[in-house]
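Please assemble the complex out of the two chains, which come individually in their own frames, going by the hints.
These are the residues of each chain, in order.
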Amino acid sequence: MSERVFITGIGMITAIGDNVAGNLQNLRLQRSGLGYSSYIDTIYKSVLPVAEVKQDNASLFAMAGIPETGGYTRTTLLGMVAMREALQHAGITDVQSAPTGFVNASTVGGMCDTEKWYFDIINPEKEGDFIQYIDTLDCADCTQRIADIVGFSEHIATISTACSSSANALMFGARMIKQGLLPRMVCGGTEALTRFTLNGFNSLKNIDKQFCRPFDQQRTGLNLGEGAAYLVLEGETFARANNSRILGELSGYCNTNEAFHPTSPSPDGDGAYEAMKTALAMSGRTLDEVQYINVHGTATLNNDVSEGKALERLFGTEVPLFSSTKPFTGHTLAAAGAIEAIYSLLAIQHNLVFPNLHFSERMEELSITPVTELMEGQSVNNVISNSFGFGGNNASLVISKYEG
Amino acid sequence: MAAISPQDTFDGNIFSAPLVHTNSNRFSCVEPDYKPFIPANSLRRMTRVLKIGLTTALKCIQESGITTPGPIVTGTGKGSLQDTERFIREIVQYEETALNPTPFIQSTYNSVNGLIALQQKCTAYNNTFVHRGFSFENALLDSMLLIQEGAAHTLTGAFEEITAEHFYIKSRIGCWKQEPVDSRELYTHLSPGTIAGEGAVFFTLTGTPTPQSYAAISGFRMLYKPTTDKLAAALQAFAPEADLIITGCNGDSNHAHFYETLDRSFPGIPQLPFKHLCGEYDTAGAFGLWLAAHIIKDQQVPQQWYPTLPPLPAGINKVLFYNHFYGEQHVMILLERVS
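In order, the protein sequences belong to chains B and G. First residue of the first sequence: 1, per the numbering used here; consecutive thereafter. First residue of the second sequence: 1001, per the numbering used here; consecutive thereafter.
Just chain G, with the same shape it has in the complex (with noise of 0.2 Å):
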């Protein structure tokens, strides 16, 4: 696994980094040195969630110490927003003559899909889910389709840029807090609206466990638009699964219901959530996956991250992951330890 989050979660060990917070309602990410992942030449093309997808994805397999590459599946729900905007800029700012084409390739979705098999040499399957907060989730489950039509591996993956012109338009719709609020009391700070993210989270997925795997996932549920019933329906099927649940709360009272849902399917389940970690974004629960998968493989909470932790079980042995897009897009994940 590898991510380049607002958290220093690209370099280092996540149990001894410190939390970082914001007070701007956007989180950005915290950008490592690409110089030993990209060459400079190609680097001062590319914009920045190039960058960031292209980076992860290579550290994420160095990571898994594989070398023949297979499968590349991404999810992202925006793309490239910095070359969108940039064209559409300069189409009307040059009147539509002398453009650059470099904007516009960029902006295609399957960009970075692109990019990580050319660098890779990787002529295996490749495709790229565009799905809002379904993006990664349609991405992963693809992958697993592979695994079982017979793929050793697959590199699946997410990313995602906020740019400050994009959280302008979405908080003309409401998506942000209208008002500042120190991420570290997102969850207590009820109002609507929540605090925007971004960021990139590589996995490699195999059929088979590895000495290096993280976890396994055992259960997997997207649901569009679900009624209350239909959701506590689904989520009650994972009940006497998880001893511990990371959720994607984030404050929004607009959608705050869906998680009074959780809490009542779960009662004394502990919970730990993950936006004030990195923000809202259509692609969040990957990084709430990549996060929950530290935990069952490592056994323990990035404690520092938790100001106020609740009592952890003595062992973490099946971790439930539930996350929704404002309201829409609702996934769960349970994810069991590798013995």
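Next comes chain B alone, as it looks inside the complex (with noise of 0.2 Å):
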């Protein structure tokens, strides 16, 4: 029997805390990172809510504890105020002292830092510093700068597979685990706002002007968000030789396409189904030892009708206590995968189901409605937690309570 893969150190950053511990107090306090933009520059500014960390660069720079020097996107310095954050909860001072992978994801890389210099940088008669972030547009260069930083020179990957890249970092990480290749893995993802994104969901009319309703009747669409997570992922021979203090297990997981529009799910939601499916049966719990889905819940028109029929489908009428914190974090595409997987991981610590911030009335659609209000002294064990995206990708994963 291959490895289990356990969880052994988490750290974020959102619009709802610079650390896991803000994030868990806001989400406790029901307080939603929605807002108004202070750093993109684009003509929605006012117009259209976002979720952005509550950081300029500079303050992420000392966070990130590198001095402030050019060439850093504000996309890496996300991703390294998290890294650091997962790191040292793991315990790990120094990544040299065991093999360790590092497996980041991220949907459009340094753009949120080009988008403001490439007419600068296409134009001959320019020069000046922008040069220095001439080489950061592409999703490997937040990778290679924190793991220059931390010292990943083990394998180092990036995964860019829209919504769902984190989890399939995950996925990836633990599968590289389980076949023996490293016995430690760093996985997740970072993204930032950038006016890229925000115009490119904009023009294909999936945001909503208000603060997001994911399962709700009236829901419009999605907020954008941004925000990084890492976990740290030990197979079980080595957290048990190592000591690790076990935060969770990486039960199940599962990755499966629509194959059916370039940017909708299927309206039966056939790929999430899949995907919830497979990765539960992998984690050999049965389908009453969930207690709570985390669901993808974006609040376009199509994703939740989609993931609320294939919930349906596969729980039938006992669908799991379920809720999209999407209103807390917005949309952080490539990291909303690794962010999700550590609010599952907190619900099963801390014994919390949260709540789906802005949800009034049912979908006509369903029969099911999400938690509404925080709930406490909720016994958590299994959490599914879906990340859904364009070109088709799903991915479902399963975290599970540690139990020796």
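Note that these hints are calculated values from the structure, not bench results. Backbone N, C-alpha and C fix where the C-beta goes; we use that ideal spot for every residue, glycine too. One or more of the hints may lead you astray.
[Claimed, not checked] When the alpha-carbon atoms are kept at most 27 Å apart in a straight line, the in silico DSSO-like pairs for lysine-lysine are as follows:
#, chain 1, residue 1, chain 2, residue 2
1, B, K45, B, K178
2, B, K126, B, K116
3, B, K126, G, K1121
4, B, K54, B, K126
5, G, K1170, G, K1225
6, B, K45, B, K277
7, G, K1121, B, K116
8, B, K277, G, K1121
9, B, K178, G, K1170
10, B, K116, B, K45
11, G, K1121, G, K1035
12, B, K401, B, K277
[What the hints assert, rightly or not] Residues from chain G that keep clear of chain B, each with C-beta distances beyond 10 Å, as calculated:
#, residue
13, P1211
14, I1217
15, G1268
16, Q1271
[To be verified] A short list of chain B residues far from chain G (calculated; beta carbon distances all over 12 Å):
#, residue
17, G65
18, Q218
19, T372
Below you can see the structure in the form of structure tokens.
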């Protein structure tokens, strides 16, 4: 039997907190991170709500513990802040102390900074410091800068499967551990808000001018967010020999494709259904052992119908408690899978189920409604965390309580 | 396997296709007729790398004779540059209003994968790696993991495009040679930088050999920013094995010392470089591997592509592939003949 994969460290930064404790506090206070942008240069600054990290780049440099120099994009800085916390939390002072891989995820890499300089970069008559940002646009830039600061050299990879990116990063890391390639992996994703993605989703008419309302009959779209999150994964043998503090288990996962439309899921949620079903089967848990589902729940018209139908198909009339945490963090694209994996773990650790903010009216297509109030004292042993994206990419993770 | 590249690799016989060369420091693909692969109404909306990627994938599936779709895993360092550039430009041009979402959708790095899945009605595992010179290689690793986990086969590939704008951007940080170089003289023209290229290559990988198998992958190693000693040690691990080496040598004097380490590790073993055929790009390794697999299966080298050919072994049984991307991502793959 292959290695079990344990979570031994977590780190994150989002619009509701600069670290895990800050996130947990605001989840408990039911305080949304949505508002209007302070940092993006866009005509929609005070029109389209976003969930921005409440730190400027200078503060992020300080939090990331790196001197304020050129070429570090906000994507890298957010990632670095989350990485520092994850390593510290796992008690790793030197990643070289054991062979450790790094699987990162991003959807638009360093676009947040290159989009400011792009027209100077392509203009032969312009010269200046912007040249430092010339090679930061791709998704590997942030991965390598983080890897170089931290000292990862065993294996590095970057994944981009739209909004399921960091869920796939966790999956890939877990599979590398199970097959004995490396005993320890740090996996997750980083995403900064950009004018590029804001206009992209807005051109698709997918952005709500109000705060997003997942699984609500009146939902009209998503709000974008930014953030980063990493989880330290360790194989059972290594974790035990290393005396690691085990926070939970990544007990199941599955990646499927809708093969339906470039940007829409199938109406009955075929891909979501398969992903959840197969991930759960892998975890060895039964349907009634799932106490909470952190749904993808973007609040777009299509996602919520499709995901809701998949939940009803899989669980019948016994759909577990579920909620979307997107009204707290916004949709953080590539970082969403890792952020929500941490929220799932927090639900298990603290016996909590988070509320799906801004919900008021059940969708006509569904017979289920999300959790709307914070639930404390809930026994949560197994959580399904869903991340679905463009290109038909679906990823479901099962996160379980560590029971020895 | 299937490849669209700056050479005539899509149709016909690569052992007779003439050598295509360039003096512009920038290689572009020889594009095939897409109509047999993509319906006209879809074709109109698609930009170059989407067409190149999708068509190569479809041809690869066709060639392998596989009818049940399985996992699709790809690598691309830059995705659709044309769409990315177009959307950045339109945001400014139209002052963020009334934008056409198509270039945004197509700029997403996983859009080619999504299109292949859609076209093939393939609901299995689907992943896209985007890590410069490790993009294709991580896709290959992922595919090997999938086969270990029980997948009967995978569709594994890479695609990249170079645009005029991106060529210029990279020239500002010295990626290309300043002086125009005849691609046929790439290896004798040692100076900083190299020549740009592009292409798409797809492989069908299986866990057990089939009559169509080109080669078996029996060794695989990736090294991130290794020291010369670490690289030499890793190469040495393949040392007694290879009787031919395919190298990513590209005439760039900034990083030539890594290929000198290769020379020292394998004295007397013949080497064939491939960048004079495809240029340099994030996923050029896929082209090199495709060439290596052809050579090992057919037991011959496309001689017309090599004006000066080293003496070759009588039987090409083990081929070592070694490539690096600007000295940062280093890859070694050992291929063996399938008997």
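Outcome of the hint check:
Our distance criterion of 27 Å between C-alpha atoms is broken by K45 of chain B and K178 of chain B, whose separation comes to about 45 Å. A distance of roughly 14 Å separates the Cα atoms of K126 of chain B and K116 of chain B; the hinted pair therefore holds under the 27 Å criterion. For the suggested pair K126 of chain B and K1121 of chain G, the alpha carbons sit about 48 Å apart, so the restraint of at most 27 Å is broken. In summary, the hint linking K54 of chain B to K126 of chain B is not supported, as the alpha carbons are separated by about 32 Å, beyond the 27 Å threshold.
For the hint linking K1170 of chain G to K1225 of chain G, the alpha-carbon distance of about 20 Å falls within 27 Å, and the restraint holds. For the hint linking K45 of chain B to K277 of chain B, the alpha-carbon distance of about 40 Å lies beyond 27 Å, and the restraint is violated. Annotation: proposed proximity of K1121 of chain G to K116 of chain B is violated, straight-line Cα distance about 39 Å (limit 27 Å). With a C-alpha separation of about 20 Å, the suggested pair K277 of chain B and K1121 of chain G falls inside the 27 Å cut-off, and the hint holds.
Between K178 of chain B and K1170 of chain G, the direct Cα distance comes to roughly 39 Å. Violation of the 27 Å bound is thereby established for this hinted pair. Taking the CA atoms of K116 of chain B and K45 of chain B, the gap is about 15 Å. The hint holds against a cut of 27 Å. Only pairs whose Cα atoms come within 27 Å are accepted, and K1121 of chain G paired with K1035 of chain G is accepted, the gap being roughly 19 Å. Taken as a hint, the K401 of chain B and K277 of chain B pair is honoured in the structure, with Cα atoms around 19 Å apart against an allowance of 27 Å.
Taking the minimum C-beta to C-beta distance to chain B, about 29 Å, the non-interface status of P1211 of chain G holds against the 10 Å cut. Every beta carbon of chain B lies more than 10 Å from that of I1217 of chain G, the smallest distance being close to 15 Å; the non-interface claim holds. Non-interface call for G1268 of chain G relative to chain B: holds, since the shortest CB-CB distance, roughly 31 Å, exceeds 10 Å. For Q1271 of chain G, the condition that its CB be more than 10 Å from all CB atoms of chain B holds, with the nearest at approximately 27 Å.
For G65 of chain B, the non-interface assignment is confirmed: its Cβ lies about 21 Å from the closest Cβ of chain G, beyond the 12 Å cut-off. At roughly 23 Å, the least C-beta separation between Q218 of chain B and chain G is larger than 12 Å, which holds for a residue marked as non-interface. Interface exclusion of T372 of chain B from chain G stands, the closest Cβ pair being 32 Å apart, more than 12 Å.
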